[in-house]
Amino acid sequence: MKISVIIPVYNGEKYIAQCIENVLCQSYKEIEIIVVDDGSTDRTAQIAARYPEVRVISQENRGLSVSRNVGAAAATGDYIHFMDADDLVNLDYYARMAEAVAATDADIAFGGYVNEALPSNTLLFADRLLLMSPDDKMGISNAANMSYAWRYIIKRAFMESHALAFEPGRLVEDMPFTLAAVQAAARVVTVPGATYYYMNRAGSILNSRDREFARKRKRHLGLAYAFRREFMAAHDLGDVIRVVRTTQYKVLGIPMAKRVAFNNGKTNLYLFGINILRTKDVRV
-17 MKISVIIPVY NGEKYIAQCI ENVLCQSYKE IEIIVVDDGS TDRTAQIAAR
33 YPEVRVISQE NRGLSVSRNV GAAAATGDYI HFMDADDLVN LDYYARMAEA
83 VAATDADIAF GGYVNEALPS NTLLFADRLL LMSPDDKMGI SNAANMSYAW
133 RYIIKRAFME SHALAFEPGR LVEDMPFTLA AVQAAARVVT VPGATYYYMN
183 RAGSILNSRD REFARKRKRH LGLAYAFRRE FMAAHDLGDV IRVVRTTQYK
233 VLGIPMAKRV AFNNGKTNLY LFGINILRTK DVRV
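Read in order, the letters of the sequence shown correspond to residues -17 to 266 in the numbering used here.
Don't take every hint at face value.
Simulated DEER-style distance windows between Cβ atoms [stated by the list, open to error]:
#, residue 1, residue 2, range
1, F213, F107, 20 to 26 angstroms
2, E212, L234, 44 to 50 angstroms
3, R193, T228, 39 to 45 angstroms
The hints are simulated quantities; they were obtained by calculation from the structure and are not laboratory data. Beta carbons: idealized from backbone N, C-alpha and C, even for Gly.
Let the hints inform the model, and build the full structure from the sequences given.
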């Protein structure tokens, strides 16, 4: 199983080498690395080209959405991961991902993440859970709130069959793509031990101090929230679903089952990561 790692980058000469070497040092070796240089004016493309294992695609500056779409179109892997050039993953990240999707034939897999700037937003998983119901997929992934595309690896055939792509011109491009992907997926799996490190880098899009850019991003954020409201209503998902309580059950110290309660009053019971019971209208 091959995983294509798509790394869109614009003026990332400070971080691109570290990002590439982080992927090259993975314990899992069936990896294709595609760097999409989005019209950088620094030495990003030259640095990336030093690595013979890396395919570099250079284009005029067209934005993150187009860069991701270009990378996905060039990918040959069974699964695709969109990685930001200034972030990192733990060294068993793709090994854990590959193991999980091979065991479950999931369309999408996602692990935990560490938010360097906002540690309270860090999310890690202790168990592998196979998610198939809308409550499971939306609630446990928290896709409506934490919709960053870098959280997920996605089966390439699934992306192509559902024509999943990022909308060009958006500054908040992840939410429409991620919500559509998670909702459409037949099987989504959580992956313990696969951790993405969302770094707090000076000069990143979220840290930009340009006032005009900040105002534009605020407008686009409003568009994303409007899309979310319409999407949730159109798919009868109600309010943003989230997990409010989890209870682990062990036998002789070995985790056997888990109960997950959602804010919409539903609860699910998993045995060895498989949902075996779903109840409705149980208020918590």
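Status of the hints after comparison with the structure:
Distance hint for F213 and F107: a CB-CB separation of about 25 angstroms, consistent with the stated range 20 to 26 angstroms. The hinted range of 44 to 50 angstroms is satisfied by E212 and L234, whose Cβ atoms lie roughly 49 angstroms apart. With their beta carbons about 42 angstroms apart, R193 and T228 fall inside the hinted range of 39 to 45 angstroms.
The earlier numbered hints are all upheld by this structure, with none contradicted.
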